[in-house]
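K.L.:
With the hints as a guide, bring the two chains together.
The listed protein sequences correspond, in order, to chains A and B.
Per the working numbering, residue 1 is the first one in the first sequence, and the count goes up by one each step.
Per the working numbering, residue 1 is the first one in the second sequence, and the count goes up by one each step.
Think of the hints as simulated: they come from the structure by calculation, not from any bench.
No residue lacks a Cβ here, since even glycine has one placed at the ideal position from N, Cα and C.
Incorrect hints may appear among the rest.
[Claimed, not checked] As a list, the in silico DSS-like pairs of lysine-lysine whose alpha-carbon atoms are at most 27 Å apart:
#1 64/A x 2/A
#2 371/B x 567/B
#3 53/A x 92/A
#4 196/B x 68/A
#5 53/A x 64/A
#6 491/B x 71/B
#7 197/B x 371/B
#8 515/B x 359/B
#9 68/A x 197/B
#10 234/B x 197/B
#11 28/A x 53/A
#12 68/A x 359/B
#13 234/B x 407/B
#14 196/B x 64/A
#15 314/B x 68/A
#16 566/B x 491/B
#17 64/A x 197/B
#18 53/A x 314/B
#19 314/B x 2/A
#20 371/B x 515/B
#21 314/B x 64/A
#22 359/B x 371/B
#23 28/A x 2/A
#24 515/B x 465/B
#25 314/B x 274/B
#26 274/B x 197/B
#27 28/A x 64/A
#28 197/B x 28/A
#29 71/B x 465/B
#30 234/B x 196/B
[To be verified] From the structure, some residues in chain A lie toward chain B, with a derived Cβ separation under 7 Å:
#31 16
#32 20
#33 23
#34 56
#35 58
#36 61
#37 68
#38 73
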Amino acid sequence: MKNSYLVTVYAHDRIGLLLRIAQLVSRKNLSIERLTLHESAVPGVTWINLVVKTDSHTIHTLVKQLEKQIEVLQAFHVVEPVRVGFSESEQKTRQLIS
Amino acid sequence: MSDSNHISGADAIILALQAEGVETLFGYPGGAIMPLYDAMFRFGNQMRHVLTRHEQGAIHAAQGFARVSGKTGVCITTSGPGATNLLTGLADAFADSTPVVCITGQVNARLIGSDAFQEADILGLTTPVTKWNIRITCSEDLLQGLSQAFYIARTGRPGPVVVDIAKNVLLEKIHFDYQICAGMPSYHPEPVPDDKKIRRAADWINQSERPILFWGQGVLLANASNELRLLIDKAGLPAASTLLGLSAIPADHPLNMGMLGMHGNYAPNVLSAKADLIVAVGMRFDDRVTSDPSTFLPNARVIHIDIDASEHGKVMQPHLAIVGDAARVLRSLLDYVEPALHADWVAEFRVLQEMETDKVMNSDLSLAGEKIQMGAMIRRLSERFPSNTLVVTDVGQHQMKVARYYKFNTPRSMVTSGGLGTMGFGLPAAIGAKIACPDQPVLALIGDGGFQMTMQEIMTIVQEKTDVKVVLLNNGFLGMVRQWQELFFAKRYASTELLNPDFVKVVDAMGLPSKRISTSRETDSGIDWLLTSNGPCFLEVVTDPEENVFPMVPPGVPVSEMWLEKKLTLIV
Ligand SMILES: Cc1ncc(C[n+]2csc(CCOP(=O)(O)OP(=O)(O)O)c2C)c(N)n1
Numbered sequence: 001m002k003n004s005y006l007v008t009v010y011a012h013d014r015i016g017l018l019l020r021i022a023q024l025v026s027r028k029n030l031s032i033e034r035l036t037l038h039e040s041a042v043p044g045v046t047w048i049n050l051v052v053k054t055d056s057h058t059i060h061t062l063v064k065q066l067e068k069q070i071e072v073l074q075a076f077h078v079v080e081p082v083r084v085g086f087s088e089s090e091q092k093t094r095q096l097i098s
Numbered sequence: 001m002s003d004s005n006h007i008s009g010a011d012a013i014i015l016a017l018q019a020e021g022v023e024t025l026f027g028y029p030g031g032a033i034m035p036l037y038d039a040m041f042r043f044g045n046q047m048r049h050v051l052t053r054h055e056q057g058a059i060h061a062a063q064g065f066a067r068v069s070g071k072t073g074v075c076i077t078t079s080g081p082g083a084t085n086l087l088t089g090l091a092d093a094f095a096d097s098t099p100v101v102c103i104t105g106q107v108n109a110r111l112i113g114s115d116a117f118q119e120a121d122i123l124g125l126t127t128p129v130t131k132w133n134i135r136i137t138c139s140e141d142l143l144q145g146l147s148q149a150f151y152i153a154r155t156g157r158p159g160p161v162v163v164d165i166a167k168n169v170l171l172e173k174i175h176f177d178y179q180i181c182a183g184m185p186s187y188h189p190e191p192v193p194d195d196k197k198i199r200r201a202a203d204w205i206n207q208s209e210r211p212i213l214f215w216g217q218g219v220l221l222a223n224a225s226n227e228l229r230l231l232i233d234k235a236g237l238p239a240a241s242t243l244l245g246l247s248a249i250p251a252d253h254p255l256n257m258g259m260l261g262m263h264g265n266y267a268p269n270v271l272s273a274k275a276d277l278i279v280a281v282g283m284r285f286d287d288r289v290t291s292d293p294s295t296f297l298p299n300a301r302v303i304h305i306d307i308d309a310s311e312h313g314k315v316m317q318p319h320l321a322i323v324g325d326a327a328r329v330l331r332s333l334l335d336y337v338e339p340a341l342h343a344d345w346v347a348e349f350r351v352l353q354e355m356e357t358d359k360v361m362n363s364d365l366s367l368a369g370e371k372i373q374m375g376a377m378i379r380r381l382s383e384r385f386p387s388n389t390l391v392v393t394d395v396g397q398h399q400m401k402v403a404r405y406y407k408f409n410t411p412r413s414m415v416t417s418g419g420l421g422t423m424g425f426g427l428p429a430a431i432g433a434k435i436a437c438p439d440q441p442v443l444a445l446i447g448d449g450g451f452q453m454t455m456q457e458i459m460t461i462v463q464e465k466t467d468v469k470v471v472l473l474n475n476g477f478l479g480m481v482r483q484w485q486e487l488f489f490a491k492r493y494a495s496t497e498l499l500n501p502d503f504v505k506v507v508d509a510m511g512l513p514s515k516r517i518s519t520s521r522e523t524d525s526g527i528d529w530l531l532t533s534n535g536p537c538f539l540e541v542v543t544d545p546e547e548n549v550f551p552m553v554p555p556g557v558p559v560s561e562m563w564l565e566k567k568l569t570l571i572v
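This is chain B alone, in the form it adopts within the complex (with noise of 0.2 Å):
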């Protein structure tokens, strides 16, 4: 072996990121990641390098490119308090199941354990928010440990790898024979599912009188919407979302009965206590679900599909558990499935939507009074931006009004923070949603708290010319939180209210134009302006400060007692 074949480990993960397919790294440089930069630097910037304003901004990107592409993302950042600045975003991609590799610095080999500058045990920190991460302080080490991060974030149910490496072995010499990793022998991420029990599920859905079907990011996670919509088609199964599960079927597929969970929908959430089967896919039945897990399900059998065996009985136990990958069970359910209506079923549905529309739907969307309403807002972004439009939002009131007003039609459409509720996220993974996918439009929709807690990634999208719509929907308040000390608080505003800067004029001055409206009548015209400005742009809308998100299931009450408007029982 000649020297020749010897190349520093910095350029070796470089070219180890190319065979892995990377094309768009988002990171922050310093210290001990600095011979990878200086690598980037000397390979041409062969890859974009994302520089975002915190590495929150990296992590969240990163996750808005793995969210719509379902490619991994990557994220770069030095050792200390660049790695632990990741922790929300690991937390975040930990819950909400996106691949996502982050490359972290870590001080040089000899130095870890002596309180060495910008030393973090950094594997000790992200251990309970990784699926896996490995510290790496020997080169020899370096390229299996990159292949099985790539390998382990990507396969069975996705998740975040940290890989932090030891400043030495950038910079020492290996031999560069890098291999996709192909398997590990304790890691089993593709089961083959039991078809004896696909069998007994599909003779379930047949006697069934009142199934249905509750899916979630799962079916997106898998690229099984159409195996979905067939199932639903031919079997007749009202379905049901979850957040996470929003854009596998078109919103106004006649069975799909719209959103299950605390501000989901009305008829789902009330006749899951009246059904007699109900099958799930890709969930997870969490606590925004279910409410109280002892009261959800009275009267149904359940038959639970998720790839990750360890979500079986966690919170429910299921009837019939089935391990699998998504796309593969729902197609073998499909030929053993007999087609079916269900007509009666269905049109219990639909006299409880009418329902959901008189008494909340009409007035959150009309647009007549002076004030915006948030949901008339995003009604309207809804009808008149392109359908292949991807909607990125952050956490609050603003959220719940998205999942339930914008009509989301094509897979992977919406990104959101969903197990782990991230403030702060929309903005950065909407970027990240934007590099992912330039050819389609990117809206991002935002409330005033939580844009203020990473808008500096406003500069990212500025310099990196990155065409997103910046929608930030302004109540002056801490929305959601206000909303429940309303409810359930007396209305003690406690540290809800803000005073808040002239958006505007902050976003102006960061180089992006800027405009604001603040009554019904501008909503057109104000996108109009986002629909025609050519390049991002940002749409501040004052809205009306003390708007609530209706339907709700409150805390501890069954699912199917949901309120369709405000009831003064207070309950903490």
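Bound conformation, chain A alone (with noise of 0.2 Å):
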């Protein structure tokens, strides 16, 4: 079954992050559907938000794979339909990280 899952990825900035994020992305076949990326609370690491369409299986895989990624501090997703606001588990990584 295919949901919207929001995939939020906190990594050091640096030239070509997205696009190592972006092509992670296409590389499951996946389009974007949303994303918005602006620097954290902690100077030089990027917060990353992005909405995808897809099955569990493929948002787990993504996920780890992102996680992998060198610079790549935390990546997580919700599986819950995307909502406006901050979830509990971005609160949570935002207080981790500041």
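P.N.:
Here is the structure:
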């Protein structure tokens, strides 16, 4: 079954980072439905949110592959359909990093 | 800080490479990288630079170097076409987890993005086929970029890294304070395995009646051959290898049941469906091993041990996933498993092994016919070459025959392009292997199709006096493709027959002693010639043109229904 997943990635920023993240998504043959990216509370750490529509197996493997990238500090997804505002896990990670 | 502490970026790269213990570089010069070549020259060529005849040759040589030695292979090219010529090798090294650092020249930073002469977006082009890449446009970032590149390439699950350096950085002066990288905040290459899970794995092994251990290249990369052997001996585990895992355990070890997958051995493929437990170590359930994953291992619990957590659940959902270095996990497992024999289960393997010997091997290995069969030639080479020989293959039927019939006895003695299956890999990779291990004989076994993809590297052999024994197995066809056409496309041989040059004349003209044999009777005299020739030489072996590789798991068929011989079913 397909779902919209919100994937959150915290990573050290550098030239080519977004390319590497986006390329992993397109390798899974997924298109990115929404993408936001800005500096997190920690300078030099970028906070990327992206939404993809896929099944739970694919999202799990995608997130693991994102997590494996050298500059990625943390990557996770929320299972429930996307809402406005922050999810609990997003807030937790914000605290964790700042 | 006095000015004398400042050196050019190019000189700093040379010193950094020396600090990393690099002794050999494989490369090809050009405009954007010339200051680095000039530095090499001015340093009195303290490092050996091997000038290949194509950048693809340079990276495959660096891969061969890395695969046999465990050291990081280093490759240098210019910008634009020099760097784009690396792509196949990068993809190959990425698929096969080979530690390689490629330094590519880039146009001057102020020209980047202007479609300058020989500018190509190497960061963009190499992102999908590298473990990591970085573009360096200012000299302050140079040393850290290099040290991180080496650290990332060799640690954790190894892989290729590209350092793309703008030309101005090579010329600018910097203060040299190089430090070997010891860690990065967001990268954890040495996960600590969970001891509770290892204990559970040991319990499962102890309870199992029909276990099989699958191992892959992870065992070689972790230098865990000993641990693996001790474990299978103690727990009485029949074991089978992936293509890239070959050589971790001697071919004649009684519990080594051979190779998994499409052209692997009959017993481990068939019995994998009967197994109640699979212990998979440092392998990634490639589709050439699993065929259709939904039909693979119908009756087994699966324990998957891998240093790369993203492999767990990618193809097969394991019942128990252990993240960690193979040597470390196997060592702990060894303490917890109980001695066992599984004699009845092992006996089942013996029955199927005999079937394979009867139906396939006896005829494959026969030297009685007039025409030379690849398998027979390869087995004879295996019997007669010293046991420390490093064997490098290209891709195709001959590769599968080598995997099946060459008896590997020492870890890292087999080098082949597995994940990407890159024709043209063999010859340059053999050059790298010989340079890494000059005291071991190196035998390159190559098909006539693949040879013509990188045959210009014969000149590298001649120029560098690299003692590689090249054996060309010439069947006049793109054999592996022809086999599929024969089996699945009603013998419609579309574009697989080759009009070949006189290889002996060509290679001879390049300055390498060459010889041809074409009948089974000449097998031994051909091998005598290879063994007694001083230095590199080239033996063309004209083989049976329409030989096939069996057994075979046709596409989509469960591995347990592997064919021992040709069937008249058409599946496309
Ligand atoms: C670069 C590349 N192009 C195409 C292929 C597809 N392919 C796989 S095996 C093969 C035939 C190889 O023929 P040859 O080198 O003569 O070896 P043989 O199979 O006859 O032993 C081909 C074309 C490949 N693996 N790599």
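K.L.:
State the violated hints by number, sorted upward, taking the hints as numbered earlier in the document.
P.N.:
Of the numbered hints, 6, 7, 8, 12, 28, 34, 35 do not hold.
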